[in-house]
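Keeping the supplied structure of chain A fixed, place chains B and C upon it in accordance with the hints.
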Amino acid sequence: MSTLIDIRDISVGFVGRDGRTREVLRNIDLAVDSGECVGLVGESGSGKSTLALAAMGYLKRGLRLLNGSATFNGTDIFAQSRQELERIRGGQLALIPQNSGQSLTPTMRIGAQLHEALRLHSALPADHHATKAIELLGHVRLPDPKAIVTRFPHELSGGQQQRVAIAMALAGEPKALLLDEPTTGLDVTTQAHILELLRDIAAERGMAMVYVSHDLGAIARVCTRVVVMYAGEIVLEGSTRHVLKSPTHPYAQGLLASIPKLDCAALPIALDGRPPAPGDAGAGCAFADRCAIVQDRCRSVRPQLAPSEIGGTVRCFLAEEAKRQKGRTTGAAPVRYSGDDTMLDLDGLSISYAKPRLLEQMLGRGTNVPPTVDDISISVGKGETLGLVGESGSGKSTILKAIAGLLPPAGGAVTAGDQPLPHTVEQRHPSQLRQIQLIFQNPDDSLNPRHTVSDILEQPLKLYFGLSGNKLRARSAEILERVRLGAHYLDRLPNQLSGGEKQRVAIARAFAAGPEIVLCDEVTSALDVSVQAAILDLLNDLKKTQGTTYIFVSHDLAVVRVLSDRVAVLYQGRLCEIGQTHQVFGGESHPYTKVLLGAVLEPDPDAEPTLAADDVVERAPPERGCPFQRRCPRRLGAICDTDAPPWQSPATGHAIRCHISLEDLNAD
Amino acid sequence: MLMRRLFLGAITVWIVSVIIFAGVEVLPGDACTAFLEREAQGKLLENCRETQGLNRSAAERYFDWASGALRGDLGVSANGQKSISELVGNRLRNSLLLALCALTAGVPMAIFLGVVTGLQRDKPVDLVFSTTAVFAMTIPEFVSATVLILVFSVWLGWLPGIVLTSAGSPVSEFFPEIVLPVIVLGMVMTAHILRMVRSSVIEVMAGDYIQMAILKGVPYWHIVFRHALPNALLPAINVVALTIAWLLGGVVVIEVVFNYPGLGRMMIDAISDRDLPVVQAIALIVATVYVGVNLTADLMTMVLNPRLRTHALRGS
Amino acid sequence: MTKIATTPAENTRLQRSLGVLRDVMARPSGTIGLTLVACHLILAIISPWIVPYDYKAMDSLLMLKGPSGAHWLGTDHLGRDVLTRVLLGGREALLVTGIATPIAVIWGGLLGIFFGLVGGRLDEVFMRVVDAFLSLPWILKMLVLIVTFGTGIEVLIPTLAFFYGIPVIRIARAATHDVVARDFISAARARGHGRITVISRELLPNVLDTLMVEGAMRWSWMLLAFSSLSFLGFGVSPPKPDWGLMIADARGFMSFAPWGVLGPVIALSSLIIGINLTADALAKALGIDRAQKAPV
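First to last, the sequence lines map onto chains A, B and C. Be aware that the first sequence starts at -12, since it is given in my numbering, and climbs by one per residue. Be aware that the second sequence starts at 4, since it is given in my numbering, and climbs by one per residue. Be aware that the third sequence starts at 57, since it is given in my numbering, and climbs by one per residue.
Careful, some of the hints might be misleading.
Unchecked claim - Computed list of lysine to any residue pairs in SDA-like fashion (alpha-carbon distance at most 25 angstroms, straight line):
(1) C:K197 / B:V79
(2) B:K126 / A:L53
(3) A:K133 / B:L307
(4) C:K197 / B:S275
(5) C:K197 / B:G210
(6) A:K449 / C:V235
(7) A:K388 / C:G250
(8) C:K112 / C:G250
(9) C:K197 / B:L95
(10) C:K121 / B:V157
(11) A:K162 / B:Y223
(12) C:K340 / B:V157
(13) A:K310 / A:Y324
(14) A:K388 / C:S325
(15) C:K340 / A:R7
(16) B:K126 / A:T8
(17) C:K197 / B:V29
(18) A:K388 / C:K112
(19) C:K340 / B:L99
(20) A:K47 / C:V235
(21) A:K47 / B:G210
(22) A:K449 / C:L70
(23) C:K121 / B:V150
(24) C:K197 / B:A209
(25) B:K126 / A:R7
(26) A:K162 / B:V91
(27) B:K85 / B:N50
(28) A:K47 / B:V157
(29) B:K126 / A:K162
(30) A:K388 / C:L70
(31) A:K47 / B:W224
(32) A:K47 / B:F228
(33) B:K126 / C:G250
(34) C:K197 / B:L307
(35) C:K340 / C:S325
(36) C:K197 / B:L30
(37) A:K310 / A:I280
(38) C:K197 / B:S88
Because the hints were derived from the structure by calculation, they are not lab data.
So here's chain A without its partners, still in its complex pose:
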């Protein structure tokens, strides 16, 4: 096989404010053969996307090539003229971007964008472009390609946009595809479908692929070889099986151990510390400060990337040692709830975003639109953690907002402890407000950029406990300690903290109120996996010491699995299933739960997803019948469209809402 992409000793950097050159990529060698699929893995800031774009001869504004070369199919990319690059890019070497929604030109129809790609990069005569465009869209399994060509990008769903981007990349019949986080931000089922499509296309056309992702599950599914990057350099390279099953670099081990797994109830292990900023790696190994088996020479001498006797290529003096040490792969056991006092009770909660229009108001009618969230009855025990799962648009966050009093429900009741809660924040008593605290998804948005950490923590302390002066400061420091941040963080502003530290501050703020119930809204979604593991560990710890009740919302089933005692599955704002975590994640379950579980990608080359339902995005729940009627792979017939399904209980505490009988559900 011939080498298609050949990157030699490439270094890329930018000139910092202090005038020093800071390297984002450091002496990278990478060769990709035709027909091969290589995964580039690393956390944010590792330089993986920069490397992929450098293979196309493209550097983001401010970045400069410091050293090395990139060759594609024998031509030195950085030595080419603009015209020559325009011929190669999108032709033989195509990119599929991370966020297709923003990578498609908003003012051009899909058809026009495809025609442009065909005109530039295919030999087809112009009058064949229209048919070819439709053919390409069909090829990426888009329903009704004839209609899609006339659409604008914003009229498509995220999954559809991604498929269009793939079709566009295929227009030039490329020899190699670069994929920059192509499924990040998509729902699990959509992601699984896109990955299968990519696998099939690669196999069918014999294309080389470079797949950039932070998601080892996706990499495991598509790639034959994996390159692990850390702080701008390659630390480990080897076959997918070798890297994922028996990694020889301490960082790769740590990364793998920090991923929560669906089949394992233990907490993932966090990697402490954070990677050095560009240019700050120092003389020794970039990973030295976070490494568990670090030795003195690691800090002074930079290890070289070398073939290891135990397989793959590794940048570590202690690869063998690391392999031997590999024992600890699971973390602490999560705290489980035992008890039967009810802490929070939702009774027939329904929430509607649609406001009655003026005309309807005047005629005294409500809207005909079915409510966004409907008929949610759940009770959560004291000290219990309830996981809420579902795809985007399932109403998970909406329910949390209603519990917190930020969004008045259209109907139903919320009871905390033994007192019913008024619907809005304004009507609630301070003690009721203190009782329930909400942690948001993105700390960049939930922490006021103008407040220091102490300002942030003092607010609940002053409001609920009337603290002041030295007491206030001491208490803030104490609370900060509890989320494992030192008191020296008190005077920092949020933009002086890392993502994980910010989220810790947000958690500290919630716990400063001494709440009984903490609502966690996708609290780890914006974080890297190693940081996520640390946050999960922290939440687990706080639950142990404070006996807090959690409602934990996430789209990531493995994360929910780790922390939750019970799990509720939502589709289109309606409950499908609720039960103990092990009951929901194993044995008989709702067809939708099955679809979700089947689409989860494990960081294991042997795991294979099952794609039971297609990945159509629904905009509104159906007016009658089962909410899942339109996508259900086990649809019975008209009854699903007309009658609301009954609750069935296969075991104590486990309930499934489906027309299919329990025996039949079990049979699958």
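Only chains B and C this time, still in chain A's reference frame:
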């Protein structure tokens, strides 16, 4: 959506008419005492009030005035009691002529320079034009007009520095006297629009879809014209409209400096004479033009922006 | 490539302001702009003590004389020293706009924040009124009031403050909408803080940047309006010196005595350009791009 915009525009004009009318009512005195000043007594005042219809209730007068305005009848002036619609006719034409000349010369140039400076960000071309633009947009119109007259009329003697043509003359007679006023007005306008287009172009060129287009191998000029400009110029439309509307205030000063017989100078004269009916009429006309320009910009954006278009079709 | 500041000490308000100031000064536009503005302010304060002549002193023998050792910028049509009048000519303008600008930003800002928070029908109706006010040219609104009430500063200050506060409402409202959508506001509401606390602690610090840049811009527009009014004869009344008025007076003799025009032209232009350059640098230092906004 479309109907809603039109409706809101109409509402705004209606509110303007109320403000104008109420404003004059609230001010001490009335149209006749203001105009006649010290002679405002006895028969003279009586007569004036009679012709202005000031003896009726405010609501009645507002209704008459507003319904008249809808039919194109703006009442009679306090000074000489002539029909305001007739007085205004030529002046409005002259002001529009000035604005249109400045627009046709300025807007294409502004867009062109804005695109060039945006694409050549921080390069010498950009620095030269951006700095010039800051000067052009900040220096008051009467200052730049004075300097231009000094240079081109007084020192070089190339162009007439003052307009002597009377209001009712045919359009062709305004040339070349109109050139200097057009340059002054066009300069300020060009500078404003240039800066907006520039920053819009910079923002769009930094976008994901431009990076994607580069990586799809789309030729540079193709990226600029098909991918970048339609997106960069869309938000500029509204801003351009606001700028034009705002510059209507600047026209007044320019007309005075050059003695140009337009609506602006008529307004200053009317204010100096305290001829309130004329002031009211001009205010209403200018406000309607302002609302109209903005409305047109809204509609243009709606037609050209696919996102808004789907929104409009679905109904908000 | 997130940049992480290393010194946590620089977080008090004063230190932040100093940091912004340093950032402004680090840009060429900021250095030039601030220097110009500072020079003008200093001159306006000390000029009564340093001017060589009495600004009212007329001398029929010295009418429209060119620059000389005794009169560096020559004399005007009444034989008054042009340099003296140029040095004094910005005081009234700076005084009036210096008081009117903060008033305009404060009342417009507060009202804008209020309506941005309240939203709903009330907001919609009020915004139509704002639109209606904006649709009238500034010069007309100002002139009507001035002609009715006179041209003293007791009329000019409130008039300028009122009309230039109206566009601030729109800007403050838009900035409020941006901030209100963010989670830290929801977090504060969910904790149960009162509306006043949410506005003053959470919202205001984040809207303030926009209002500051807006204030600098308003100031330059106001100066422009003030001098235009003077030029048209509706501002400062003679014999008080004012740049706008001086330009208007000297225009008639421009063909043979251009120095009478050039002095005030340069003085006025340099002040307005100085303010604009400062506003530009400030907007960049605070991360707000000003060029996108219309000059309403």
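To see whether the hints hold, each was checked on the structure:
1. At roughly 21 angstroms between alpha-carbon atoms, K197 (chain C) and V79 (chain B) fall within 25 angstroms of each other, so this suggested pair holds.
2. The hinted pair formed by K126 (chain B) and L53 (chain A) meets the criterion: a straight-line CA distance of about 23 angstroms does not exceed 25 angstroms.
3. Under the criterion of a C-alpha separation no larger than 25 angstroms, the hint pairing K133 (chain A) with L307 (chain B) is consistent with the structure, at around 23 angstroms.
4. Between the alpha carbons of K197 (chain C) and S275 (chain B) the distance comes to roughly 14 angstroms, so the proposed pair stays at or under 25 angstroms and holds.
5. About 42 angstroms separates the Cα atoms of K197 (chain C) and G210 (chain B), which puts this hinted pair outside 25 angstroms; it is violated.
6. At most 25 angstroms may separate the alpha-carbon atoms for a hinted pair to count; K449 (chain A) and V235 (chain C) meet this at roughly 24 angstroms.
7. Straight-line distance between C-alpha atoms of K388 (chain A) and G250 (chain C) comes to about 18 angstroms, which keeps the hinted pair within the 25 angstroms bound.
8. Annotation: proposed proximity of K112 (chain C) to G250 (chain C) is violated, straight-line Cα distance about 58 angstroms (limit 25 angstroms).
9. Under the criterion of a C-alpha separation no larger than 25 angstroms, the hint pairing K197 (chain C) with L95 (chain B) is consistent with the structure, at around 19 angstroms.
10. A distance of roughly 18 angstroms separates the Cα atoms of K121 (chain C) and V157 (chain B); the hinted pair therefore holds under the 25 angstroms criterion.
11. In summary, the hint linking K162 (chain A) to Y223 (chain B) is supported, as the alpha carbons are separated by about 24 angstroms, within the 25 angstroms threshold.
12. For the suggested pair K340 (chain C) and V157 (chain B), the alpha carbons sit about 41 angstroms apart, so the restraint of at most 25 angstroms is broken.
13. With a C-alpha separation of about 36 angstroms, the suggested pair K310 (chain A) and Y324 (chain A) falls outside the 25 angstroms cut-off, and the hint is violated.
14. For the hint pairing K388 (chain A) with S325 (chain C), the CA-to-CA distance comes to about 54 angstroms; that exceeds 25 angstroms, so the pair is violated.
15. The suggested pairing of K340 (chain C) with R7 (chain A) holds, with an alpha-carbon distance near 23 angstroms, which does not exceed 25 angstroms.
16. For the hint linking K126 (chain B) to T8 (chain A), the alpha-carbon distance of about 22 angstroms falls within 25 angstroms, and the restraint holds.
17. The straight-line distance between the Cα atoms of K197 (chain C) and V29 (chain B) is roughly 14 angstroms, inside the 25 angstroms bound, and the hint therefore holds.
18. Proposed proximity of K388 (chain A) and K112 (chain C) is contradicted: the alpha carbons are some 71 angstroms apart, above 25 angstroms.
19. A hinted pair counts as satisfied when its Cα atoms are at most 25 angstroms apart, and K340 (chain C) with L99 (chain B) does not qualify at roughly 37 angstroms.
20. For the hint linking K47 (chain A) to V235 (chain C), the alpha-carbon distance of about 30 angstroms lies beyond 25 angstroms, and the restraint is violated.
21. Of the supplied pair hints, the one linking K47 (chain A) and G210 (chain B) holds, its CA atoms being roughly 11 angstroms apart against a limit of 25 angstroms.
22. For the proposed pair K449 (chain A) and L70 (chain C), the alpha carbon gap of about 24 angstroms is at most 25 angstroms, so the pair holds.
23. As the CA atoms of K121 (chain C) and V150 (chain B) are separated by approximately 20 angstroms, the hinted pair is consistent with the 25 angstroms bound.
24. For the hint linking K197 (chain C) to A209 (chain B), the alpha-carbon distance of about 41 angstroms lies beyond 25 angstroms, and the restraint is violated.
25. A threshold of 25 angstroms between alpha carbons decides the hint, and for K126 (chain B) with R7 (chain A) the separation of about 23 angstroms falls inside it, so the pair holds.
26. Restraint check for K162 (chain A) and V91 (chain B): not satisfied, since their Cα atoms lie roughly 71 angstroms apart, outside the 25 angstroms limit.
27. Note on K85 (chain B) and N50 (chain B): the hinted pairing holds, with a Cα-Cα distance of about 15 angstroms set against a maximum of 25 angstroms.
28. Between the alpha carbons of K47 (chain A) and V157 (chain B) the distance comes to roughly 53 angstroms, so the proposed pair goes past 25 angstroms and is violated.
29. The suggested pairing of K126 (chain B) with K162 (chain A) is violated, with an alpha-carbon distance near 38 angstroms, which exceeds 25 angstroms.
30. In summary, the hint linking K388 (chain A) to L70 (chain C) is not supported, as the alpha carbons are separated by about 37 angstroms, beyond the 25 angstroms threshold.
31. Using a Cα cut-off of 25 angstroms, the hinted pair K47 (chain A) and W224 (chain B) holds, with the two alpha carbons roughly 19 angstroms apart.
32. Pair hint K47 (chain A) plus F228 (chain B) holds up; C-alpha atoms about 21 angstroms apart against a cutoff of 25 angstroms.
33. At roughly 51 angstroms between alpha-carbon atoms, K126 (chain B) and G250 (chain C) are farther apart than 25 angstroms, so this suggested pair is violated.
34. With a C-alpha separation of about 35 angstroms, the suggested pair K197 (chain C) and L307 (chain B) falls outside the 25 angstroms cut-off, and the hint is violated.
35. For the suggested pair K340 (chain C) and S325 (chain C), the alpha carbons sit about 22 angstroms apart, so the restraint of at most 25 angstroms is met.
36. In summary, the hint linking K197 (chain C) to L30 (chain B) is supported, as the alpha carbons are separated by about 13 angstroms, within the 25 angstroms threshold.
37. Between K310 (chain A) and I280 (chain A), the direct Cα distance comes to roughly 11 angstroms. Compliance with the 25 angstroms bound is thereby established for this hinted pair.
38. For the proposed pair K197 (chain C) and S88 (chain B), the alpha carbon gap of about 21 angstroms is at most 25 angstroms, so the pair holds.
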